[in-house]
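*Asks:* Residues per chain are reported as follows:
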Amino acid sequence: MDEQRSHIISALVLHRPGVLQRVAGLFTRRGFNIDSITVGPSEQDEMARMTIISQGDDKILEQIIKQLNKIIEVIKVRDLDAEGTVIRELCLIKTHATSERSRSEIIQYANIFRGRIVDAGPENLTLEITGTPEKIDALIDLLRGFGIKEISRTGPTAISRGSKTI
Amino acid sequence: MKGSQAIIKSLTDEGVDVVFGYPGGVLLPLYDVIYDSDLKHILVRHEQCAAHAADGYARASGKVGVCIGTSGPGATNLVTGIATAYMDSAPIVALAGQVGTSLIGNDAFQEVDTIGITMPISKHSYQAMESSEIPQMIRSSFYIARTGRPGPVVVDLPKDVQEGELDYPENITIDLPGYKPTKKGHPLQVKKAAELILKSIKPVILAGGGVIHSDSSEELQHLSEMIGAPVTTSLMGKGCFPEDHSLSLGMLGMHGRKASNMMVDECDCLIAVGCRFSDRTTGDVNKFAPNAKIIHIDVDPAEIGKNVAVNVPIVGDAKIILSHLLRIISQTKGINNHDWTDYVRTFRASCMPRLSFDDTPLKPQQVIKEISEAVTDDTIVTTDVGQNQMWMAHYFTSRNPRKFLSSGGLGTMGFGFPAAMGAKVAMPDNDVVAVCGDGGFLMVCQDLATVKEYDIPVVVCVLDNRYLGMVAQWQKLFYDERISQTKLNAMPDFVKLAEAFGVNAYRVERPGEMKETLQEALNSGEPTLIDVMIDPDEILPMVPPGCGLTEIVGEYKVERENPDEIPYRPSAQETGGD
Numbered sequence: 001m002d003e004q005r006s007h008i009i010s011a012l013v014l015h016r017p018g019v020l021q022r023v024a025g026l027f028t029r030r031g032f033n034i035d036s037i038t039v040g041p042s043e044q045d046e047m048a049r050m051t052i053i054s055q056g057d058d059k060i061l062e063q064i065i066k067q068l069n070k071i072i073e074v075i076k077v078r079d080l081d082a083e084g085t086v087i088r089e090l091c092l093i094k095t096h097a098t099s100e101r102s103r104s105e106i107i108q109y110a111n112i113f114r115g116r117i118v119d120a121g122p123e124n125l126t127l128e129i130t131g132t133p134e135k136i137d138a139l140i141d142l143l144r145g146f147g148i149k150e151i152s153r154t155g156p157t158a159i160s161r162g163s164k165t166i
Numbered sequence: 167m168k169g170s171q172a173i174i175k176s177l178t179d180e181g182v183d184v185v186f187g188y189p190g191g192v193l194l195p196l197y198d199v200i201y202d203s204d205l206k207h208i209l210v211r212h213e214q215c216a217a218h219a220a221d222g223y224a225r226a227s228g229k230v231g232v233c234i235g236t237s238g239p240g241a242t243n244l245v246t247g248i249a250t251a252y253m254d255s256a257p258i259v260a261l262a263g264q265v266g267t268s269l270i271g272n273d274a275f276q277e278v279d280t281i282g283i284t285m286p287i288s289k290h291s292y293q294a295m296e297s298s299e300i301p302q303m304i305r306s307s308f309y310i311a312r313t314g315r316p317g318p319v320v321v322d323l324p325k326d327v328q329e330g331e332l333d334y335p336e337n338i339t340i341d342l343p344g345y346k347p348t349k350k351g352h353p354l355q356v357k358k359a360a361e362l363i364l365k366s367i368k369p370v371i372l373a374g375g376g377v378i379h380s381d382s383s384e385e386l387q388h389l390s391e392m393i394g395a396p397v398t399t400s401l402m403g404k405g406c407f408p409e410d411h412s413l414s415l416g417m418l419g420m421h422g423r424k425a426s427n428m429m430v431d432e433c434d435c436l437i438a439v440g441c442r443f444s445d446r447t448t449g450d451v452n453k454f455a456p457n458a459k460i461i462h463i464d465v466d467p468a469e470i471g472k473n474v475a476v477n478v479p480i481v482g483d484a485k486i487i488l489s490h491l492l493r494i495i496s497q498t499k500g501i502n503n504h505d506w507t508d509y510v511r512t513f514r515a516s517c518m519p520r521l522s523f524d525d526t527p528l529k530p531q532q533v534i535k536e537i538s539e540a541v542t543d544d545t546i547v548t549t550d551v552g553q554n555q556m557w558m559a560h561y562f563t564s565r566n567p568r569k570f571l572s573s574g575g576l577g578t579m580g581f582g583f584p585a586a587m588g589a590k591v592a593m594p595d596n597d598v599v600a601v602c603g604d605g606g607f608l609m610v611c612q613d614l615a616t617v618k619e620y621d622i623p624v625v626v627c628v629l630d631n632r633y634l635g636m637v638a639q640w641q642k643l644f645y646d647e648r649i650s651q652t653k654l655n656a657m658p659d660f661v662k663l664a665e666a667f668g669v670n671a672y673r674v675e676r677p678g679e680m681k682e683t684l685q686e687a688l689n690s691g692e693p694t695l696i697d698v699m700i701d702p703d704e705i706l707p708m709v710p711p712g713c714g715l716t717e718i719v720g721e722y723k724v725e726r727e728n729p730d731e732i733p734y735r736p737s738a739q740e741t742g743g744d
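Going down the list, the protein sequences come from chains X and Y. In this text, residue positions in the first sequence follow the numbering used here: the first is 1, and each later residue adds one. In this text, residue positions in the second sequence follow the numbering used here: the first is 167, and each later residue adds one.
One thing to keep in mind: the hints can contain errors.
[Unchecked claim] Covered stretches of chain Y (in silico footprint by chain X; criterion: 3 or more residues with CB under 8 Å from a CB of chain X, positions within the stretch not fixed):
1. 285-299
2. 340-352
[Stated by the list, open to error] Pulled from the structure, derived: some chain X residues nowhere near chain Y, Cβ distances all over 10 Å:
3. Ser6
4. Phe32
5. Thr38
6. Arg78
7. Asp79
8. Thr85
9. Ser102
10. Gln108
11. Arg116
12. Thr130
13. Leu139
14. Phe146
15. Glu150
16. Thr154
17. Ser160
Since the hints were derived computationally from the structure, they do not count as laboratory data. Since this is a predicted model, take the numbers as computed values, not measurements. Ideal Cβ placement from N, Cα and C applies to all residues, glycine included.
Use the sequences and the hints to build the structure in full.
*Replies:* Here it is as structure tokens:
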């Protein structure tokens, strides 16, 4: 299987300094592609969960998982299949919004995408949106016409559907 | 007690009897404890030699070797040795001093990010931020270094952490939830492997360094004899199977024995044990063992399928898995492949490399033949890197595990001599001989002072051809003989150099002298250097990079000028036409 695919890798790691460096360094060193990496505390004390999105064929995926498992501070690693997984990303978008008309249009778009306006100034609006990366891309495309001043995205995080855990 | 005392207590509790180190500013607290400790400290003359010596100590004895370097340049000088140990899976613990915790990140004097630098070249690393962390960190470091696939562990020790007070715990528990090496192979996979072996007609065993680490030479030999499978080894596996055994093929690979390369090409079942299929071993992976189903036994799951696709992977400790395989196979009729083993033996005899040469300047083959004659089965030989290493790997007959030490993965020039020093300290009753090139030895020659001071009676044989021979060989073969920066025009008189350190030295120039001089040196019980003037034009036949293992270039000089006709060629029917 040489097909390049996007993989969602979820890893439970010890919440210690340097773990992110070990994981990120591994990807660079081994020539693995890394699209995004998110990390935060998990349900267990002293453990953090990382969600890594990476491109590669099956052989590369297998190596990534095995190499991740070799890191002493990595407790568990799983490749999540896209269909059985809830994927969400948070994005903050600051747009130009000077005229009444553009302001109301932006607010409408935010509503359609179930986003919220979290900050407003005389010349700008800031939106918050969560969703799949594709949904966020779609909103960003719509807002480009108004003039986007700044975008800050978290990168996707993920969790498997149903009761199974990693 | 103080952190520095806890470090020494932890080392002693781990059974460490000797450390190789070099002090420095931030290590003053630690060295103040070493001053009146029973722990033997060997003061090397360059930190790189401390790491290589700890490595040689570990490879020769199977115990964890310990080296110490100060912060900044001390730590960076350890780096090459740590990387060498990492590539060859040698268990060492490297203790590095660090600036005080309040200074970390300030670009303080002699500060370097040791953890960051060593992350890609160590199995694990720790930075102690509290004195109380020391006992558990050091205990865990030794545990990680020696278990699973062994490797180097780095412990970074800031000065104030060495000075701080702690209560040394009575019981130290190792808490590593993310580290559980698999030992026992999956029984179903072992069964599958046994079935594949029993179905095979032309099995070959490829043994790597893992056989030595797991202490499974005996099991390997049983398996080989039980199924009539000839054994080839990687460089790291050299010595795990007696090379004068009728089923031994010698080393495989770019600089391997012809018999090994040809038999791996021909085999229908390759049983790879504790090896990682490095590019130097396989040649072009697409042409590697083209007719074989491959069984791969390795303790590191990440090695499975990394370089070569395998049919039956088994993750676990080679000793346990081989014993299990032996149990299964011994309960069957076994396999009848006398034709294959006869064929292999005849083929092997037809291409035994020629060792005897009367020429002056000396041919390296003759030198190595004489070294072989001068040493015993208990002698530990180390090599440096380059032609000296490959000549030794190719021509030297190794019979026992942990007796042939060489930097395989990283290919570190300057490894041979300090590794020999470490090996001799670990195994004082064994003779230790380092076979180096003139280039590599010059990189570490300052440690002649160390062997003199501590009376470590290693014998260093410098194969002296005034070339960086291996690179020059490639230039001769692949770069139109354009000898770029590989001729060593100004070199010291090595005999005088050794004598300047107070080390005995001899020069060998003619056939017959090597054996005599080496025996004399070994009998003297003193550190000795032997400067061996060899023919600068001799090259070793090789498989060019990117080629299959059978595409050997250069004249392969064989012991017999007219090899007997090879009597057996398996027919398509016998091979099952698969």
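*Asks:* With reference to the structure, classify each hint as holding or not holding.
*Replies:* Hint check:
Check on the region 285-299 of chain Y: 5 of its residues sit with their Cβ under 8 Å from a Cβ of chain X, so the three-residue criterion for coverage holds. A count of 4 residues in the region 340-352 of chain Y with a Cβ less than 8 Å from any Cβ of chain X is obtained; the coverage claim is therefore met, three being the minimum. Consistency note on Ser6(X): stated as away from chain Y, and its beta-carbon is indeed over 10 Å from all of that chain's, at 21 Å minimum. A cut-off of 10 Å between C-beta atoms confirms that Phe32(X) is not in contact with chain Y; the least separation is 12 Å.
Every beta carbon of chain Y lies more than 10 Å from that of Thr38(X), the smallest distance being close to 20 Å; the non-interface claim holds. With a minimum CB-CB distance of about 14 Å to chain Y, Arg78(X) clears the 10 Å threshold, and the non-interface call stands. No Cβ of chain Y comes within 10 Å of the Cβ of Asp79(X); the nearest lies about 15 Å off, and the non-interface call holds. Distance to chain Y confirms Thr85(X) as a non-interface residue, since its nearest Cβ pair spans about 23 Å, more than 10 Å.
Annotated as non-interface, Ser102(X) keeps its C-beta farther than 10 Å from every C-beta of chain Y; the closest such distance is 46 Å. Non-interface call for Gln108(X) relative to chain Y: holds, since the shortest CB-CB distance, roughly 49 Å, exceeds 10 Å. For Arg116(X), the condition that its CB be more than 10 Å from all CB atoms of chain Y holds, with the nearest at approximately 39 Å. Distance to chain Y confirms Thr130(X) as a non-interface residue, since its nearest Cβ pair spans about 31 Å, more than 10 Å.
No beta-carbon of chain Y comes within 10 Å of the beta-carbon of Leu139(X); the shortest separation is about 39 Å. Listed as outside the interface, Phe146(X) is consistent with that label: its C-beta sits roughly 42 Å from the nearest C-beta of chain Y, beyond the 10 Å cut-off. No beta-carbon of chain Y comes within 10 Å of the beta-carbon of Glu150(X); the shortest separation is about 29 Å. Non-interface call for Thr154(X) relative to chain Y: holds, since the shortest CB-CB distance, roughly 25 Å, exceeds 10 Å.
Annotated as non-interface, Ser160(X) keeps its C-beta farther than 10 Å from every C-beta of chain Y; the closest such distance is 20 Å.
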